[in-house]
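Residue numbers (the numbering used here), protein chains in the order written: chain A, 1 to 484; chain X, 485 to 964.
Treat the hints as calculated values from the structure; they're not laboratory data.
Glycine included, each C-beta is placed from N, C-alpha and C at the ideal position.
Accuracy of the hints is not assured; some may be wrong.
As the list claims (entries may be wrong) - Some chain A residues judged to face chain X by a derived CB distance under 8 Å, without partners named: (1) Phe16; (2) Thr23; (3) Val28; (4) Ala31.
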Amino acid sequence: MNRQIVQLFGLITLLFAVLLFFTSRWTVFEASSLEDNQYNRRPLIEEQKIPRGLILASDARTVLARSRGHGRGENRIYTRTYPTRGLFAHPVGFSYIRNGRRGLESSRNDDLVGKEDEFASILSGLESRDQEGNDVVTTLDVRGTQAAVAGLAGRKGAVVAIEPKTGKVRVMVSLPEYDPNLIPSQIGQLNRDRTNQPLLNRTTQELYPPGSTFKVVTATAGLDSGAITPDTVIDGSSPKEISGVPLENAGGESFGPISITDALTNSVNTVWAQVGEKVGRDTLVEYMRRFGFYEDPQLDYPGAQMIPSGIINGKGTYVDDGFDAGRVAIGQGGLEGEIRAGPLQMAEVAAAVGNKGRLMKPHLTDRILRKDGRVKEVIEPDLQSVVMKPETADQLANMMSRVVEEGTGTVAALSGVRVAGKTGTAEVGANREFTQPWFICFAPVEDPRMAVAVTVERTTGQGGTVAAPIAKSVLEALLGGGAG
Amino acid sequence: MSARTRELFGLLPVSLLVAAGFAAVLSTRTENVSDATLTYGAFFLGLCVVAHLFIRARLPDADPYMFPLAAGLAGIGLVLIYRIDAELAREQAQWFVVGLAFFCVTILLVDDHHVLERYRYTIAAASIGLLMMPRLPGIGAQVNGAFLAIKIGPIQFQPAEFAKLGIIVFLASYLRETGDILVRPRLRPLPYQRQLLLWGIPALLTLLGVAVLGLAPAGSVLLGVFLFSFAAVVRDRPSPKHFGPLLLVWGLAMLMLIVIRDLGSSLMFFGGFLGLLWVATARLSLIGVGATMFFGGSFYLSQNVSHVKERVDIWLDPFARNVVNDEGYQLAQSLFAQADGGLFGQGFGRALLELPGGGTILPAAHTDLIYAVLANEAGLFGAAGLIGLYLLFVYRGLRTALSAADGFSKLLATGLTGVLAIQVFVIVGGVTRVIPLTGVTLPFVSYGGSSIVANMVLLALLLIVSDHARSEARRRGGLV
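Next up, chain A with everything else stripped away, as it sits in the complex (with noise of 0.2 Å):
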């Protein structure tokens, strides 16, 4: 009898081992799953019950957004209001359990929830402390953002303002914008808005055409490369055969044998493209990923609100070879490949000449702060890549101030302050009747603090007269007394 109560006993072990292995399939192996499954309301209830931290300005003390409680004891629940109402809409997102969440309220959704990692839960669980958001001081400047708006006076565009020296995104206005606190009650109608599109955030998700301003990228690789040097003189004259179609400057106008930096002031389309050939689609395509182009901008900000600039051909495909370098190389293109970028890919192109050649990682945030004020986080200057020789950053950074001197940007001219830029201005629409003008540019020359993309979609006038003075006026706001 004894040996099979001994047997009985092994067979009641096995049966409760199999209750582990179960408990621990649902508890550790398959929590996250069972987390996700979408009849699963826990972590809605949960995260409701969490007042999520402020969002601020990057005086610290502008709130973006905050979490106002509703209810009392067990049943208190959080909403999101959002008080510059559609200013910061862009970068600063939202959140609702039934809308979900964008821009930084999704991307730093951990941080705003307060969540822990399971050891520091543990202690937080010994000390009984509820759950509590941090505050997330972003890097997005309030002088800078309004004048942007001022500035694009309610036509659809972008603007983007970086540090070169940190990659802090100081601005990031797409418009037109929407008011997050109505987002419960607007978002069908937001989304249905096909001619508008507000919920896009057009300095990520959206590429254009930029036009002559890519010439900064080919002047990058021909003069990074060796290829060019900015006293190399080139015909200029129009129309000049490339790739076998005849190509023409801005307006006809033809110029004769030109240097470089000549070109560059005059934006000498043919001069350009004849570059653009020189240095080759390997090359090309070898400095526009070192600049960023064909990946995610590396921000902190929702992967699904980010998409990758780069050459596109007629199927709508990403292409690294087979294009037409000499159009590409001045900011156009044909079917087999056009060149399309995002206003935050070329602010970076700006922010990267003026940092000597080094490419910070943007980032939206600045801090992560504890709701006792203690520094939970900051976030140091990351570098990219390195995009070129610190003299190739030089010798651009004289030719692109050059433009604003003396050349087609001259509206973006700050006095006291010497401004390096860049006009572009592309062609859109059936017929070519609409313009995408375009300014990026960088100041002070001599140490740069800031670099600034403007752009705005399908109007009518040149980049040096349409977007070069939003460029300006956004410097002159971010720049502050120095700027006069």
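Put chain X on the given structure of chain A with help from the hints.
For chain X alone, coordinates are given in the frame of chain A:
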């Protein structure tokens, strides 16, 4: 150190655990830990010490670990129930006191457990009567399709909890007497023609079943095992005279499955029965016939009784679109609650039980799903700790069976321990989706008067057996 002193020391960590548990729950309610927690802990310790003194007086040689283990489980139960609903915890504490009273009365009345053998048929009849009661008009109450409870005025109780004790007592006594003569193994092997016939017929029948009836693989295995086990029983020359009552129990257990219509409690009874049968006879063939008959019966029920079929369907896919917010809600929420617990849990008193708008997210949290609440609050580690306590209890119970001198004591201790273990498996297995979820209680932990009282009586019987075994061993000169 004497056994009783060890028991007393064993109660110390239990009381600390209870006090700490209440402190944790209370600290999430109010900012400061009030002295109430100490009161709870002291009260609990006081009750346990009284019971301990009683054991010291009446059963000085009984196993020193089982009572602290049971008290620890009950303490965990009280903390969890308090966390779910303070009012229910007060009731449960009262039931715990009643349970202790029954515990003492059992020890007083049953001086020697062998007297139970004398009343075995009375006990069997009473147990079967108890099991049938929920089907009686007027007092029977059908819960979710199963007949498990009776209601007399304001008192509702679950007769199955008590019937399980009676049936175990009956089976232990009956099998003690007949276990050796139920089958008489042949000393010489059968002539080969007979062998061929004996094994050929089940093989042929299995093949026929597969070919003609078109059975699924699981069904074929079931049929094959049944037929071969049956042939093996036949080979061993069963004695019809002694086999009769056994077949009766068998039939009753199968009938039970149909009468009370609850897979969980049927599995508990049948599992206990087969466990005892195994210990008493060591005949795999008997287990084979019994188990296949049970699985066959369960399968038949799951196809033909709608609420059993529903349970099985939910078990197979609790997230199916048509059940997840309806019949499958309870199991789905149980799994979600466990996932929420993770490795270390949310902490006592911190798990989500109530919806913000009012209403509970976990149905029957204090009874069926109490294990899910524990996994939510104390995580995998807490759940493993609970299973560990049960395993220790089972270990001590079977140790008692091993050390007992006579067959009835061995079988009684084995049966009582085994049925408790299977009950744990049935409910925890249901909550963790090992088997279909049915409504039996988690012994000592779940809310429920019948459950706590019946299990305290079970503990008392085990301690009586243990006292006899150990005092006898001591008399013989060696301590267990």
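Now the hints, each set against the structure:
no., hint, result
1, Phe16, "holds (5 Å)"
2, Thr23, "holds (5 Å)"
3, Val28, "holds (6 Å)"
4, Ala31, "holds (4 Å)"
Of the numbered hints given earlier, the model fails none.
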